[in-house]
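Undergrad: Respectively, the protein sequence lines represent chains D and Y. When the count follows numbering that gives the first Met the number 0, it moves up by one through the first sequence with no breaks and lands on 226 for the last residue. When the count follows numbering that gives the first Met the number 0, it moves up by one through the second sequence with no breaks and lands on 226 for the last residue.
Since the hints were derived computationally from the structure, they do not count as laboratory data. Beta carbons: idealized from backbone N, C-alpha and C, even for Gly. Check the hints yourself; a few may be wrong.
[Unchecked claim] From the structure, some residues in chain D lie toward chain Y, with a derived Cβ separation under 7 angstroms:
| # | residue |
| --- | --- |
| 1 | L9 |
| 2 | G10 |
| 3 | Q19 |
| 4 | Y84 |
| 5 | V91 |
| 6 | P112 |
| 7 | F115 |
| 8 | L117 |
| 9 | Q137 |
| 10 | L140 |
| 11 | C151 |
| 12 | S154 |
| 13 | E157 |
[Claimed, not checked] Using 30 angstroms as the maximum straight-line C-alpha spacing, the simulated DSSO-like pairs for lysine-lysine come out as follows:
| # | chain 1 | residue 1 | chain 2 | residue 2 |
| --- | --- | --- | --- | --- |
| 14 | D | K124 | Y | K201 |
| 15 | D | K118 | Y | K217 |
| 16 | D | K124 | Y | K210 |
| 17 | D | K217 | Y | K118 |
| 18 | D | K124 | D | K16 |
| 19 | D | K16 | Y | K173 |
| 20 | D | K4 | D | K65 |
| 21 | Y | K173 | D | K118 |
| 22 | Y | K201 | D | K127 |
| 23 | D | K65 | D | K40 |
| 24 | Y | K217 | D | K124 |
| 25 | Y | K4 | Y | K40 |
| 26 | D | K173 | Y | K124 |
| 27 | D | K4 | Y | K4 |
| 28 | D | K4 | D | K16 |
| 29 | Y | K173 | Y | K201 |
| 30 | Y | K173 | D | K127 |
| 31 | Y | K217 | D | K16 |
| 32 | Y | K118 | D | K210 |
| 33 | D | K127 | Y | K217 |
| 34 | Y | K4 | D | K40 |
| 35 | Y | K173 | Y | K210 |
| 36 | D | K4 | D | K173 |
| 37 | D | K201 | D | K173 |
There are 2 protein chains.
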Amino acid sequence: MDPAKLLDILGNENRRKIIQLLASRPCYVSEISNRLGVGPKAIISHLGLLEQAGLIECSVDEQRRKYFNIANNMRLEVSVSPYAYTVTLHDVTFDREKEEDPVGKETHLGEEPSTFFLKLSSKLKGLKTRQEELAQMQQQLQAEYTEVMDHCLDSIEEIARTPVECELLFELLKNETTLATLCYNLRLHPSIVNANLIDLTKRGFIEYGIKNNQYYWKIRETGVENE
Amino acid sequence: MDPAKLLDILGNENRRKIIQLLASRPCYVSEISNRLGVGPKAIISHLGLLEQAGLIECSVDEQRRKYFNIANNMRLEVSVSPYAYTVTLHDVTFDREKEEDPVGKETHLGEEPSTFFLKLSSKLKGLKTRQEELAQMQQQLQAEYTEVMDHCLDSIEEIARTPVECELLFELLKNETTLATLCYNLRLHPSIVNANLIDLTKRGFIEYGIKNNQYYWKIRETGVENE
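All chains should be modelled from the sequences, with the hints used to inform the complete structure.
TA: Here is the structure:
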C-alpha cells in the first residue's frame with residue numbers, strides 16, 4: 000500500500016475506530032454501527048474504502064451474514080524533525096504455512112495444552128517488552144541524529160564559501176543525490192550547481208559515484224571510524 | 000501532542016507536503032504557495048492549524064517577513080495487524096544546551112574544520128544505517144508476534160470450556176485488564192465475567208494483581224524461561 004493512502008485513511012476518526020474494533024475481533028456491520036454510534040450507511044462507506052485499500056477483508060458466516068476482519072499486517076513510521084520528514088510503511092509478511100517452527104510447537108506435542116498456553120503467553124509478553132525497547136532506541140537515535148545535524152550546520156557555515164555551497168552540502172548530508180535533483184530542489188541552474196560541485200570536490204568535501212547508470216553526488220567517505 | 004490529532008493533521012495531502020517542505024528548510028508563505036501550487040489563503044489556513052498543534056513555529060526575518068519552520072521532533076508509530084492496532088507518539092526531546100558532548104566537539108577543537116565535517120557526515124550515515132536496522136528488527140518482531148498469537152488462539156480453543164472463557168483469555172493475552180474493562184469490551188454482565196474468571200484462576204490460567212489501587216487480571220506468570 001502507498002503510505003500516503005494509509006495516512007489518508009487514518010486521517011478519519013471513525014475509520015480509526017473501525018480498525019481498532021476489527022483488530023480486537025471480526026465484526027458485522029451492525030456491531031460496528033452500534034459500538035461507534037454511527038449509522039450503518041456511513042459505516043458501510045468507510046468499510047468499502049478500507050476494503051478497497053486492502054486493509055480489511057470480508058467473509059460470510061454460516062448464516063450467510065457478512066463480517067469484516069483486518070487483512071493486513073503493516074507498520075507505519077512517521078518521523079518529523081527540523082531536518083527530516085520521513086514516512087515509511089513496512090508490510091509485515093510471514094508465511095503461516097511455513098516449515099519452520101518458531102514457537103516450538105513440535106517439541107511441545109507431548110506437553111499439557113495448559114503448560115503450552117502459559118509458555119506462549121510468556122513468549123508474547125517477551126516480544127512486547129522487546130518492541131518497547133526497540134521503540135526507545137529509535138527515539139534516542141532520532142534525538143542523536145538531530146543533534147549531530149545541528150553540529151553539521153555549524154560546521155557547514157565554517158567551510159562553505161558561498162550560500163550555494165551551504166545549500167549543496169546540506170542537501171548532500173541528507174541524501175546522496177543526482178545533479179538534476181539538486182537543481183530541482185534548490186531551484187538553481189545546472190551550470191551554477193555544477194561549478195559549485197566541482198569546487199567542493201576539489202576541496203575534498205564531496206565525491207561522485209554511479210548507481211543505476213546514474214551519476215550521483217555524496218559527501219566524501221573518509222573511512223574514518225564511526226565512534 | 001495527542002496522536003489522534005497528529006493523524007488528523009497528516010490525513011491531508013497538502014499539509015503533508017508543507018511539513019515535508021519545512022523539514023528541508025524554513026519557508027515564507029509565498030514560497031510554500033509557489034512550491035505546492037496552492038493559493039496562499041489555503042496555505043495560511045493549513046499553517047495556522049499546524050502552528051496551533053505545535054508542529055511548526057513562526058519567526059520574523061530582518062525584513063520583518065514571517066517564515067515558518069518545524070518546531071517539533073517526534074516519532075509516530077502505527078501498527079495494524081489482525082490482533083492489534085496500536086498508535087504511539089514519542090516526543091523526541093533533547094537539550095541543545097546540555098553539557099555533554101556526544102559528537103566530540105571539544106576534542107576536535109584543534110582539528111581542521113573540514114576533517115571535523117567529514118567525521119560528522121560519517122557519523123550521520125552510521126545513525127541512518129542503525130535506524131534502518133532497528134526498523135527491520137521491529138518488522139520481524141511484529142511478524143513473530145502475529146505468529147505466536149495465531150498459536151495462542153489454537154491453544155485457547157483447546158483449553159477453554161466456554162465461549163466466554165475463550166474471549167476472556169484472548170482479551171487477557173493482549174493486555175492486563177480490570178473486571179470493568181472486560182465487562183465493557185465483551186458486553187457481558189459482571190457476574191458472568193466474574194464466574195468465568197474464578198474458574199480460570201482455579202485451573203491455573205490466570206491470576207490477579209493490584210496496580211494503582213485497582214485489581215487487574217492477567218495470564219498467570221509461570222516463570223518459564225523465554226526461549
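Undergrad: None of the hints should be skipped; say for each whether it holds.
TA: Now the hints, each set against the structure:
1. Interface hint at L9 of chain D: satisfied, since its Cβ lies 5 angstroms from the closest Cβ of chain Y, which is below the 7 angstroms cut-off.
2. For G10 of chain D, the interface hint holds, since its Cβ comes within 7 angstroms of a Cβ in chain Y; the closest pair sits about 1 angstroms apart.
3. Nearest Cβ of chain Y to the Cβ of Q19 of chain D: about 5 angstroms, under the 7 angstroms cut. The hint holds.
4. Evaluation of the Y84 of chain D hint against chain Y yields a held restraint, the C-beta minimum of about 4 angstroms falling below 7 angstroms.
5. Taking 7 angstroms as the C-beta contact cut-off toward chain Y, the hint placing V91 of chain D at the interface holds, the least distance being around 5 angstroms.
6. Against a cut-off of 7 angstroms between C-beta atoms, the interface hint on P112 of chain D holds, since the closest Cβ of chain Y lies about 4 angstroms away.
7. A distance limit of 7 angstroms between C-beta atoms decides the matter here; for F115 of chain D the minimum to chain Y is near 6 angstroms, and the interface restraint holds.
8. The beta carbon of L117 of chain D comes within 5 angstroms of a beta carbon in chain Y, closer than 7 angstroms, and the hint placing it at the interface holds.
9. For Q137 of chain D, the interface hint holds, the least distance from its beta-carbon to any beta-carbon of chain Y being 5 angstroms, beneath 7 angstroms.
10. Evaluation of the L140 of chain D hint against chain Y yields a held restraint, the C-beta minimum of about 5 angstroms falling below 7 angstroms.
11. Nearest Cβ of chain Y to the Cβ of C151 of chain D: about 5 angstroms, under the 7 angstroms cut. The hint holds.
12. Because the beta carbon of S154 of chain D sits about 4 angstroms from the nearest beta carbon in chain Y, less than 7 angstroms, this interface hint is met.
13. Interface hint status for E157 of chain D: upheld, as the beta-carbon distance to the closest one in chain Y is roughly 4 angstroms, under 7 angstroms.
14. With a C-alpha separation of about 22 angstroms, the suggested pair K124 of chain D and K201 of chain Y falls inside the 30 angstroms cut-off, and the hint holds.
15. Restraint check: the Cα-Cα separation between K118 of chain D and K217 of chain Y comes to about 14 angstroms, which is no more than 30 angstroms; the hinted pair holds.
16. Between K124 of chain D and K210 of chain Y the CA atoms are separated by roughly 18 angstroms; this keeps the pair inside 30 angstroms, and the hint holds.
17. For the hint linking K217 of chain D to K118 of chain Y, the alpha-carbon distance of about 14 angstroms falls within 30 angstroms, and the restraint holds.
18. A C-alpha spacing of about 25 angstroms is found between K124 of chain D and K16 of chain D, which places the hinted pair at or below 30 angstroms, so the restraint holds.
19. Restraint check for K16 of chain D and K173 of chain Y: the C-alpha separation of about 18 angstroms stays at or below 30 angstroms, so the hint holds.
20. Proximity of K4 of chain D to K65 of chain D is assessed by CA-CA distance (about 25 angstroms); at most 30 angstroms being required, the pair is judged to hold.
21. At roughly 15 angstroms between alpha-carbon atoms, K173 of chain Y and K118 of chain D fall within 30 angstroms of each other, so this suggested pair holds.
22. A C-alpha spacing of about 27 angstroms is found between K201 of chain Y and K127 of chain D, which places the hinted pair at or below 30 angstroms, so the restraint holds.
23. Taking the CA atoms of K65 of chain D and K40 of chain D, the gap is about 15 angstroms. The hint holds against a cut of 30 angstroms.
24. At most 30 angstroms may separate the alpha-carbon atoms for a hinted pair to count; K217 of chain Y and K124 of chain D meet this at roughly 11 angstroms.
25. A threshold of 30 angstroms between alpha carbons decides the hint, and for K4 of chain Y with K40 of chain Y the separation of about 22 angstroms falls inside it, so the pair holds.
26. For the suggested pair K173 of chain D and K124 of chain Y, the alpha carbons sit about 9 angstroms apart, so the restraint of at most 30 angstroms is met.
27. Between K4 of chain D and K4 of chain Y the alpha-carbon distance is near 18 angstroms, which keeps this suggested pair within the 30 angstroms criterion.
28. The suggested pairing of K4 of chain D with K16 of chain D holds, with an alpha-carbon distance near 17 angstroms, which does not exceed 30 angstroms.
29. Between K173 of chain Y and K201 of chain Y, the direct Cα distance comes to roughly 21 angstroms. Compliance with the 30 angstroms bound is thereby established for this hinted pair.
30. For the proposed pair K173 of chain Y and K127 of chain D, the alpha carbon gap of about 10 angstroms is at most 30 angstroms, so the pair holds.
31. Simply put, K217 of chain Y and K16 of chain D have alpha-carbon atoms about 25 angstroms apart, close enough for the 30 angstroms limit, and the pair holds.
32. For the suggested pair K118 of chain Y and K210 of chain D, the alpha carbons sit about 24 angstroms apart, so the restraint of at most 30 angstroms is met.
33. Proposed proximity of K127 of chain D and K217 of chain Y is supported: the alpha carbons are some 15 angstroms apart, at most 30 angstroms.
34. For the given pair, K4 of chain Y sits about 25 angstroms from K40 of chain D by alpha-carbon distance, which is consistent with the 30 angstroms threshold.
35. For the hint linking K173 of chain Y to K210 of chain Y, the alpha-carbon distance of about 17 angstroms falls within 30 angstroms, and the restraint holds.
36. Simply put, K4 of chain D and K173 of chain D have alpha-carbon atoms about 25 angstroms apart, close enough for the 30 angstroms limit, and the pair holds.
37. As the CA atoms of K201 of chain D and K173 of chain D are separated by approximately 21 angstroms, the hinted pair is consistent with the 30 angstroms bound.
Of the numbered hints stated above, none is contradicted by the structure.
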